[in-house]
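Asks: So you can see what is in the structure, the chains are spelled out below.
2 protein chains.
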Amino acid sequence: MKFELEAVDASCGARAGRLTLSHGEVLTPVFMPVGTQGTVKAVSQGDLRSIGAQIILGNAYHLYLRPGTEILEAAGGLHKFMAWDRPILTDSGGFQVFSLAAMNKVTPEGVAFQSHIDGSSHFLTPEKAIDIQISIGSDIMMCFDECTSHPVAYEDAAKSMRMTAVWAERCKRQWEERSATQQALFGIVQGSTYEDLRRESVERTVALDFPGYAIGGVSVGESKAEMLEAVERCTPGLPENKPRYLMGVGPPEDLLEAIERGVDMFDCVMPTRNARNGSLFTSEGRVNIKNQKHKTDFGPLDAQCGCPVCNTYSRAYLSHLFRSGEILALRLNTLHNLWFMLDLAAVCRQAILEDRFAAFKRTFLEAYFSADEPTGE
Amino acid sequence: MKFELEAVDASCGARAGRLTLSHGEVLTPVFMPVGTQGTVKAVSQGDLRSIGAQIILGNAYHLYLRPGTEILEAAGGLHKFMAWDRPILTDSGGFQVFSLAAMNKVTPEGVAFQSHIDGSSHFLTPEKAIDIQISIGSDIMMCFDECTSHPVAYEDAAKSMRMTAVWAERCKRQWEERSATQQALFGIVQGSTYEDLRRESVERTVALDFPGYAIGGVSVGESKAEMLEAVERCTPGLPENKPRYLMGVGPPEDLLEAIERGVDMFDCVMPTRNARNGSLFTSEGRVNIKNQKHKTDFGPLDAQCGCPVCNTYSRAYLSHLFRSGEILALRLNTLHNLWFMLDLAAVCRQAILEDRFAAFKRTFLEAYFSADEPTGE
Chain A
1 MKFELEAVDA SCGARAGRLT LSHGEVLTPV FMPVGTQGTV KAVSQGDLRS IGAQIILGNA
61 YHLYLRPGTE ILEAAGGLHK FMAWDRPILT DSGGFQVFSL AAMNKVTPEG VAFQSHIDGS
121 SHFLTPEKAI DIQISIGSDI MMCFDECTSH PVAYEDAAKS MRMTAVWAER CKRQWEERSA
181 TQQALFGIVQ GSTYEDLRRE SVERTVALDF PGYAIGGVSV GESKAEMLEA VERCTPGLPE
241 NKPRYLMGVG PPEDLLEAIE RGVDMFDCVM PTRNARNGSL FTSEGRVNIK NQKHKTDFGP
301 LDAQCGCPVC NTYSRAYLSH LFRSGEILAL RLNTLHNLWF MLDLAAVCRQ AILEDRFAAF
361 KRTFLEAYFS ADEPTGE
Chain B
1 MKFELEAVDA SCGARAGRLT LSHGEVLTPV FMPVGTQGTV KAVSQGDLRS IGAQIILGNA
61 YHLYLRPGTE ILEAAGGLHK FMAWDRPILT DSGGFQVFSL AAMNKVTPEG VAFQSHIDGS
121 SHFLTPEKAI DIQISIGSDI MMCFDECTSH PVAYEDAAKS MRMTAVWAER CKRQWEERSA
181 TQQALFGIVQ GSTYEDLRRE SVERTVALDF PGYAIGGVSV GESKAEMLEA VERCTPGLPE
241 NKPRYLMGVG PPEDLLEAIE RGVDMFDCVM PTRNARNGSL FTSEGRVNIK NQKHKTDFGP
301 LDAQCGCPVC NTYSRAYLSH LFRSGEILAL RLNTLHNLWF MLDLAAVCRQ AILEDRFAAF
361 KRTFLEAYFS ADEPTGE
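If you read the sequences in order, they're chains A and B.
Residue numbering for the first sequence follows the working numbering, starting at 1 and increasing by one per position.
Residue numbering for the second sequence follows the working numbering, starting at 1 and increasing by one per position.
One thing to keep in mind: the hints can contain errors.
[As the list claims (entries may be wrong)] Derived EDC-like pairs: lysine to aspartate or glutamate, alpha-carbon spacing no greater than 16 Å straight-line:
1. A:LYS80 / B:ASP297
2. B:LYS293 / A:GLU70
3. A:LYS293 / B:ASP297
No lab work stands behind these hints, which were simulated from the structure alone.
With the hints as constraints, model all of the structure from the sequences given.
Replies: Written out as structure tokens, the structure reads:
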């Protein structure tokens, strides 16, 4: 893996970079669509290519349970299994073990848990999380970490962060021993909302010298202010010449704030999940396609948008599909929301390269909050 | 509308034709994917174009209830509403009024019924069915008919068929008065399993001189033998130079039998519905993608198939998507099954043009029943 920092915006800390991975180049800032189970929900690999997705996520927990590493290995890895030839980043599975698995028991050695699919018992260690990700063959693997919930007591956050640091060391060793030179490994900073814990986590993680770093423990119920505070506490200690990934973030406005603070990579299920619930991003804010008024609106969802959906279909048709419970509604909505996020990251990149990110952000947010239709979600 | 009979196979009654409609040409025999609510379930209009769909179905009952004719008219018709520029045929809504509506009461004037969506009361007459289809703007409209269930007593079948004949006259008059020259109107032959009723229905319908004729009252629970008998009783009385449409048929083997007996047009929800249930057509018979053995089969669904799914994905991946309840499973399965039907009709056409339909049919069916996996449906 190679990361080239191309530009830092003179008006703020926003960065533009170029990440070279086994399956291709990724221009940053980048939004990564989430393909939990080897498919980004409601769209195809061809759709993703057509809207310019550079890299997608896969989830080690889900893929380990189904189809399982044996099938993934027999297929020649996830890329071949799902016929996706661009880069893939895999979540280590840690987050899902703690949030999805029926029961889990954490020891310093690892985590015992039961599958949310069939209740079967499993034991995941840092080493095994790496092995799974090697079977998957992702371009970027993530360290196995414990992600604390919010709020969490200081002592618990400290203990968890220190265990994550030890696990990071074990992950790195396993990665080096398996000599997976084709796959990069990112370390994850934890420490919840506590300044000194974040600082300690940054120091301990950076000391291990990973190809890239993620800020974890956000998007778990904290406020936007707390999330941005966590970012601000981490970025100063992260090496300039390595990519920075903010896990699980987020809505367009959060993306801009984090980019301004020097983050390069993002993932979030929100654009795809919201799409399936009828909440759509536009340049003037969210549109709730369930609202009556869209039934007779024969204009596009977003006149400013260049996506295949806005180029072809009307709000009235999208409204009809959604009301009728048609599968195509999920697909078109998802395609549009993903385009919106991918395009937003690309436009940010351009603004950074031209040293006008702060102004762009102001203009964007002004328009974005001009006609927002909250969905109550 | 123009219909040119290009060839009749020397080995049987199979026909190849060319139908010229407002929105383009349709080469027959043709399979028409069903787009009940202004979308063919699980695929997009772009998908349909890419797999060579020449004409799709819309349903007047569903579209009348939702989005409603006002919205369709404001959109400029269904073609513009759904962004589909190739031909559309609309079912008159008769079949759905009898099968779907919460309650219905038939009088010679028309049918009172309650919407299956919101229980609202409606009254549909032959004239109104035409008006709705004019609002939709389909290339081919169907007469409003009563489709008897199976089995049905002779007296009931006779009474129903005669009412359908009177309704056909009213439909034709309404069509002429609204001078919908851009839209063709097909008459529908009824008469259930009764030879003399079928004959009488053919005579009365043909006497009205429609641009095309449909054989209705099939695919309602009768045996394959009874269905083909109905076809055989109708085709001799139908004019050679007009297209013949067998409504609601059917699986690949039925398509071949009906083509052999001189039918030109087909529609059926089965390929799309089966796809969503994991039952997939292949040259060697149906594949039940839920079967264990497909989990580790890294070959294509059908090595003989040229569809985008078979060209890209493995059975193992399709199996994984289906087991994981992913939306992409519905789409890929549907795309494949539709391709199979469209391709089958196209290959039949070629065989007819080369006077070798009977031999093709034999070869196809031999292979098709060689490894069939019944799904219990």
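Asks: Against this structure, judge whether each hint is valid.
Replies: Structure-based check of each hint:
1. A:LYS80 / B:ASP297: Measuring from Cα to Cα gives roughly 13 Å; hence the hint holds.
2. B:LYS293 / A:GLU70: holds (15 Å)
3. A:LYS293 / B:ASP297: Between A:LYS293 and B:ASP297 the Cα gap is close to 49 Å, so the pair fails against 16 Å, i.e. violated.
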